[in-house]
Structures are given as C-alpha cells and as structure tokens.
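Visitor: Sequence:
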Amino acid sequence: MELPLLGQIYLPISGVEIMGWKLILLGFTVGVIGGFFGIGGAFIVTPALNVFGFPMVYAIGTDMAQMAGKSIIATAKHSKFGNVDMKLGLIMIIGTVIGIELGATVIMCLENVGNADVDVVVRYVYMVLLFSLSGYMLYEYFKLTKEGAVENKTIFDVGKSALALKMQSIKLPPMVNLTVSGFTISIWVILSVATITGFVAGFLGVGGGFLRVPALIYVIGSPTRVAIGTDLFEIMISGAYGAFTYGIKGRVEIIAAVIMLIGASVGTQFGTLATQYPIMLKA
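Each residue of the sequence shown is one higher than the one before, starting from 1 at the first, in the numbering used here.
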C-alpha cells in the first residue's frame, strides 16, 4: 500500500508535480545539518527545489516557511543545553528584518525584469558567497591552528579571531553586555552584521545561517555552540517573517513546506544531540 505523502503530489500554488519522498528526504537532511551547524540549510533546499522544478522565487519562499518551523524545534533543543544568547538574538532580529525586506524587494524587482534573470543572478551570488566564505574560514582555521601549535594549544583553546577582537574594541555606545556569550560589544556592530546577513536571507531565500554563524564566531566573537544556538533562535523569527513576506506575495508553496518539515523535525533531533558529543567525550 502506497503512502500518499511518498507518492506523486501536485502543488497548486507553484503548479509543480513532485514525489513526496523527495521532499521528506530533503527535509530530514537539512534538519540534521541545521541542528548541528545552526544554519537553515537553504544553500541546499533552495537550489534543490529549483532542480525539482520550482521557479526560483517559489523555491525561496517555500524554503523560508519550512525553515521557520524547523528552527522552532532546534532552538528549543539548544535552549536546554544553554546554547542560546537571547539578548544577542533579539538585537539581531531588528537588523535582520530590515535586511530581509530589502532583499525580498530586490528579488521582486528582478522577477519583474524576467524569471530567467532571477535564476541566473541568485545562482551566481550563491557561488561567490560560498567560495568567499569557504576561503575565509580556511584562512582562519589554518591561522588559529598555527597559533595553537606554537602555544601548545588545540584549535578550540586559541581564542577569538583578530577581526572579532577589533569589533569588540569598538566603543560606540550603546554597549551591550552579553552574559551568555561572555563579552561586551557595541550594539551597532551587531545590527550591522544582522542587516547584511538579513539582506542575504531575503535575496537568496536562506536563513542567513551559512553566513551568520561564521559572522557570529569570526566577527562578533561568540563561542561556537552559542553562535549555533543563537542563530537558530534568530532564524526562527526571521524565517517566519521571511515566509510571511513571500507568502503575502503568493510565493510560498505551503504543502511542500509542511511535508519537508515532517522530515526536518526528525533530522533536527539528531543534529542537535550531535553538538553535545564533544562535551560527552570530555565528561
């Protein structure tokens, strides 16, 4: 007996026909990745939906919707482990909402020019961002690894990046004391990072996590586990706002989002528990 959700499904809003098991598997995969790395997984979901036949703007809006639901589950799990800096997350939401609105507006303008233009622009921006980010993270990794070897420390004991120390040295009031993260920083630094990553979220249909988690670690200076948990909390809010923004424009395929969320709800549990594995080893 064939389960309805695993078979062929017609999605009326986007006009796409797709096998349900593909959406469930996609949701499970990004659930594991999101729970472990603290990202929305849109760098996988949006291109995958586009490959499955979704027009790019529908892929972006649908991903926003499933991302918001998945992040609620992941945030609740990370909160139990003390990995969420609520103060930092709430401040970032302000800048993120502004950035998302700007990004979504640019996408709609490009859509009016022509759907093919949207696909091409989004794909190239994805490529540039991912390659640039990967290069910077590799640079920081080898730099900190070298410093750790000189000081006889592991990569986890070396400390913050030089950029994060510079950002924290900016004394532009008002200053915010982040007790969970363990440092004080100017609110304008947080808002700047949030606005930029929010624009990326609205433009590419991502939670911004693949950019925001590294920014929280390397630019703001948050501990890795706190950056992951806080980003998921922020994605929960920004994803909901992004889904609403695209939804009122008629660009969210809610049936696909719900089906993906079924798989994501399971995958998130595995990913979140995996973040505690190093702590379990030390214990």
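Calculated from the structure, these hints are not laboratory results.
It is possible that part of the hints are untrue.
[Claimed, not checked] Think about it this way: if two alpha-carbon atoms lie no more than 30 Å apart in a straight line, the pair counts; the simulated DSS-like pairs of lysine-lysine are: (1) Lys22 - Lys87; (2) Lys22 - Lys166; (3) Lys143 - Lys166; (4) Lys171 - Lys143; (5) Lys171 - Lys87.
[Said to hold, decoys possible] Derived DEER-like restraints, expressed as beta-carbon distance ranges: (6) Thr224 - Met175: 18 to 28 Å; (7) Leu273 - Leu25: 14 to 24 Å; (8) Ser79 - Leu165: 48 to 58 Å; (9) Lys249 - Arg123: 14 to 24 Å; (10) Ser79 - Ile13: 28 to 38 Å; (11) Ile170 - Met108: 15 to 25 Å; (12) Ser79 - Val113: 40 to 50 Å.
Quick caveat, the model's predicted, so the values are computed rather than measured.
Idealized CB from N, CA, C, for every residue including glycine.
Visitor: Does the structure keep Lys171 and Lys87 at a Cα separation of 30 Å or less?
Guide: The hint holds at about 19 Å.
Visitor: Do the Cβ positions of Ser79 and Val113 conform to the proposed distance bound of 40 to 50 Å?
Guide: 43 Å, holds
Visitor: Range first: 28 to 38 Å. Now tell me if the beta carbons of Ser79 and Ile13 are that far apart.
Guide: Check passed, 33 Å falls within 28 to 38 Å.
Visitor: Given the hinted pair Lys143 and Lys166, is their Cα-Cα distance within 30 Å?
Guide: Within the cut-off at roughly 17 Å; holds.
Visitor: State, for the Cβ atoms of Ile170 and Met108, whether the hinted interval 15 to 25 Å holds or is violated.
Guide: 35 Å, violated
Visitor: Need the status of pair Lys22, Lys166: alpha-carbon distance at most 30 Å?
Guide: 45 Å, violated
Visitor: Falls inside 48 to 58 Å, the C-beta gap from Ser79 to Leu165?
Guide: 28 Å, violated
Visitor: 14 to 24 Å was suggested as the range; check whether the CB atoms of Leu273 and Leu25 agree with it.
Guide: 20 Å, holds
Visitor: Keeping to a limit of 30 Å between CA atoms, is the pair of Lys22 and Lys87 held or broken?
Guide: 37 Å, violated
Visitor: Could you grab the alpha-carbon distance between Lys171 and Lys143 and see if it respects the 30 Å cut-off?
Guide: The hint holds at about 27 Å.
Visitor: Range hint 18 to 28 Å: satisfied by the CB atoms of Thr224 and Met175?
Guide: 23 Å, holds
Visitor: Taking 14 to 24 Å as the hint, is the beta-carbon distance of Lys249 and Arg123 inside that range?
Guide: Holds, since Lys249 and Arg123 (Cβ atoms, about 21 Å apart) stay within the stated range.
The earlier numbered hints that this structure contradicts are 1, 2, 8, 11.
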